[in-house]
Each structure stands twice: as C-alpha cells, then as structure tokens.
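My request is simple: use the sequences and hints to build the entire structure.
Residue numbers for the sequence shown follow my numbering, beginning at 1 and rising by one.
By construction, these hints were calculated from the structure, which means they are not laboratory data.
Just so you know, not all the hints are guaranteed correct.
Calculated cross-link-like contacts (lysine to aspartate or glutamate; reagent style EDC-like; alpha-carbon spacing at most 16 Å) [what the hints assert, rightly or not]:
no. : residue 1 : residue 2
1   : Lys261    : Glu243
2   : Lys96     : Glu312
3   : Lys96     : Glu308
4   : Lys67     : Asp78
5   : Lys134    : Asp202
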Amino acid sequence: MNKPKLFGRYYLIDKIAAGGMAEIYLAKTVSIDGFEKPLAIKMIHPKFAKDKIFVKKFTNEAKTIVKLSHGNIVPVFDMGIEAGKYYIAMEYIKGKNIKEVLRRCAEKGEELTLEFVIFIIIEVCKGLAYAHRKVDDDGTPLNIIHKDISPQNILISYEGDVKLVDFGIAQVADKGEEEIDESIEGKIRYMSPEQITGKPLDARSDNYSVGLLLYEMIAIDKFFNQNNVSELVRAVKEADNEEKVYNNQFLPDQIKPIIVKAINKNIDERYQQIEGLQLALTHYLYSIPSLITSYDISNFMNFLFEKEIHEEIELLKKTSLIDSSMKKITQILKKPDTRNLDYSLFSKEEISNIEDTFTSSVKKPEKTESPQDEELEYIQYGRIVPKGTIIFEQGEEGHHFYIIKEGKVRIYRQIGMLKNTLAVFGEGDFFGEMSLLNDEPR
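The following block contains the structure:
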C-alpha cells in the first residue's frame with residue numbers, strides 16, 4: 001500500500017502481516033482534534049465472512065473480548081464489518097511475535113536463554129489467568145477460552161512486554177477434524193486432543209497449548225512436526241507425550257515434569273487452572289541464580305530487531321502528513337471569515353498522501369444543468385473539481401470535504417422534476433456530506 005486509504009473511520013497506513021485467516025494493517029483513527037495513536041486493524045479473510053456460523057460466533061465474541069483489560073492482553077477497541085469485511089481494531093504493539101523472535105534467533109545464531117523462556121511463559125499465564133476467571137457485571141463467569149495459543153499470537157514488544165492477541169477468534173477450534181482446512185495446519189500443532197476432535201472445551205485446553213509452546217521455546221523444536229494434516233491430527237491424538245518429553249536431552253530435568261503435566265492428554269491430569277503452571281514456573285525461576293526482567297527482554301529485542309525498529313519508526317511517520325493536513329482544515333473551520341483564504345492549502349506531498357483517502361471517481365451529470373448550476377467551481381483537498389460534476393447523491397456514504405474557490409454551489413434535493421434548494425454556498429464556504437468534526441451526516 002503506497003498511500004493511506006480510508007476504511008470506515010480508520011486510515012489504513014500499510015499492510016504489516018498476512019496469514020491464512022486474516023490480514024493486518026497499521027492504521028489510525030480518523031479524527032481532527034484530540035490525541036491519536038496507531039492501531040492494528042485485522043481483516044478477517046473473506047472466505048470466513050461467507051460462513052454464517054463463523055459470522056454469528058464472531059459477533060458473539062465481540063461482546064466478550066472488548067471487556068478484557070489486562071497488561072498481558074492486547075486490548076480490542078472495536079469489532080465490526082466495513083465494506084463487507086469483518087475486522088478487529090486493536091492496540092498496535094511495536095514488537096514481534098514469538099515465531100518471528102525464534103526465526104531471528106536462528107538467523108543470528110543466538111539462543112533464547114532458559115530464563116528468557118520461563119519469563120515469557122509466566123507472562124502468558126498471567127494474561128490467560130485473568131481471561132479464564134473473568135466474570136460479567138453480575139458476577140457470571142464468561143468462560144473465556146483463547147482457543148489459539150500459538151507463537152503467532154504471543155507478542156513481545158520492544159519495551160519488553162508480553163501480550164496475548166486474538167482471543168476466541170479461531171472459530172475453527174469448534175469444528176470436527178473432518179472440517180479442518182490445510183490453511184490452518186500451523187494452528188493444529190498447538191491444539192489439545194479435545195480441541196482437534198471438536199469436543200467441548202474449557203480453559204484446560206489453553207493450558208495444554210501453553211505447555212506445547214513452553215516445550216518448543218526451550219527445545220527449539222516443534223513438539224509435533226509431522227508434514228501433512230492427517231499425520232499431524234493423528235499424532236496429536238495418539239502420541240506418547242510423556243515419553244517424548246522425558247527423552248528430550250535439551251530439556252532441564254526440573255522442567256520436564258512441569259511440561260508433562262501441562263500437556264497430559266488426560267484433561268483431568270493437567271494443571272486444572274493456568275495459575276498452577278504459572279506457580280510451578282515461578283518456583284523454578286527463583287530457584288536458579290540468574291533472574292530476568294522486562295528491561296533484559298527489551299535489550300534483547302532491540303538487539304535482534306534493530307533494523308526493523310528503525311523501519312517501523314519511518315512507517316509511523318506516514319501518519320504525520322495526514323495529521324498536518326487535518327489540523328489545517330480545523331484551523332480553517334474555526335476562522336470567522338474565510339473569503340480571503342489562500343487556496344494553496346496543502347503541499348504536493350500532503351495531497352499525494354490524502355487524495356486516495358478522500359476522493360472518489362466523479363460522476364458526470366446525466367443531463368445539462370441550468371446556467372446557475374454550471375457556475376460551480378470548487379476544490380477538493382487542493383484539486384479542482386470540474387464544473388457540472390455531481391459530487392454525491394442522497395443515500396451515498398463517504399467522507400468528502402470541499403472548499404468553494406469561485407462562483408456558487410447550490411445544494412438541492414430533487415423530487416421528480418422539482419428541485420428544492422437546500423442551501424447556496426459562495427466563495428470561501430465549505431461543504432461536505434459528512435461532518436469532519438464528528439462524522440455526523442450533514
């Protein structure tokens with residue numbers, strides 16, 4: 001994406017990730033005044049949007065997920081549909097997910113220390129513990145399950161924070177194995193046996209997935225590494241998890257029983273609450289001489305991703321041109337007399353960055369208008385709009401803003417052959433189909 005584009009009430013700045021279920025964009029809210037910060041917009045793949053069951057579950061999840069507020073969970077601000085696309089608007093985290101961290105460590109020949117891994121998993125447990133025990137306003141348990149604990153959904157910020165993302169979005173978790181698509185093969189590796197067979201789930205399914213993640217980060221190897229879906233599903237259901245853990249020479253002996261309990265195929269033999277796993281790991285972490293803090297995590301992340309951090313800073317600068325242009329518009333709207341305005345309002349660079357956001361293809365009038373209507377001449381964010389152009393009609397949606405350069409603009413409503421004049425604007429006036437201040441129809 002070369003230029004910002006409008007998506008509902010958000011600007012899409014650039015695509016930053018893509019996967020089997022969704023695409024993620026760096027975005028920001030559309031606003032003139034007030035504090036703004038970057039957001040991440042996750043657009044659900046269209047093939048899921050066609051699934052009525054998925055859509056129903058998606059909308060139901062929205063009522064629950066937006067209630068989560070915890071330091072180890074990426075907050076979701078908005079979920080909805082725009083232009084036929086279901087989306088999630090969440091906080092933008094400057095950082096990388098665990099999958100990217102493991103890949104970069106391999107590229108640089110670096111090794112995650114055991115303390116690093118234990119610290120990360122403890123933070124994951126904290127976020128899950130909060131979600132699992134979350135209750136409604138009347139005290140009713142919400143029974144929130146993540147359903148998709150995997151390296152892609154654990155983010156580590158450049159400041160050293162650990163964040164969980166995508167609670168309840170993996171609706172495929174509720175399907176039987178015959179419905180599993182190959183596009184989610186990477187997710188299958190972290191599913192519990194009951195999840196992959198479509199059985200009812202509770203929080204212990206998440207606990208199992210965390211145990212697999214703990215194994216992978218320490219052993220630097222996937223617990224299930226089969227190459228096709230059918231073999232992978234069979235392994236999850238039938239593999240001897242305990243034997244594999246105890247035979248792995250890269251796992252510390254004190255950690256092995258913790259992992260075995262976490263990934264026990266018998267759900268009643270696992271940690272019944274994620275706090276149990278968190279406590280076991282905390283005891284182990286404090287039993288070794290070396291401790292680790294968020295400061296250490298931050299230093300390591302900045303070492304691994306020095307180049308990417310610089311690139312993200314440059315990417316975020318793209319929003320500054322939009323901000324400066326909107327501030328100019330705000331100043332203009334506040335002027336009591338706008339008849340002597342300088343219409344060279346925006347630099348070429350600003351116009352280049354916003355013209356795709358705020359412009360649409362013009363409509364030619366179906367018939368010649370009266371001389372009064374042909375006197376129209378106005379600009380749209382620094383661009384001349386031809387005389388006689390129909391800008392928008394009743395029922396259309398958008399965010400268009402126009403400044404009268406010369407002549408007059410008559411706004412009218414047509415019923416049959418009768419045109420009812422609603423307003424007449426002259427040089428220096430403004431008009432638009434949506435208010436730039438509060439997005440209310442004008």
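Quick rundown of the hints versus the structure:
The suggested pairing of Lys261 with Glu243 holds, with an alpha-carbon distance near 12 Å, which does not exceed 16 Å. A hinted pair counts as satisfied when its Cα atoms are at most 16 Å apart, and Lys96 with Glu312 qualifies at roughly 11 Å. Between Lys96 and Glu308 the CA atoms are separated by roughly 10 Å; this keeps the pair inside 16 Å, and the hint holds. Restraint check: the Cα-Cα separation between Lys67 and Asp78 comes to about 11 Å, which is no more than 16 Å; the hinted pair holds.
Of the pairs offered as hints, the one joining Lys134 and Asp202 holds, with about 13 Å between alpha carbons and a cut-off of 16 Å not exceeded.
No hint from the list above goes unmet by this structure.
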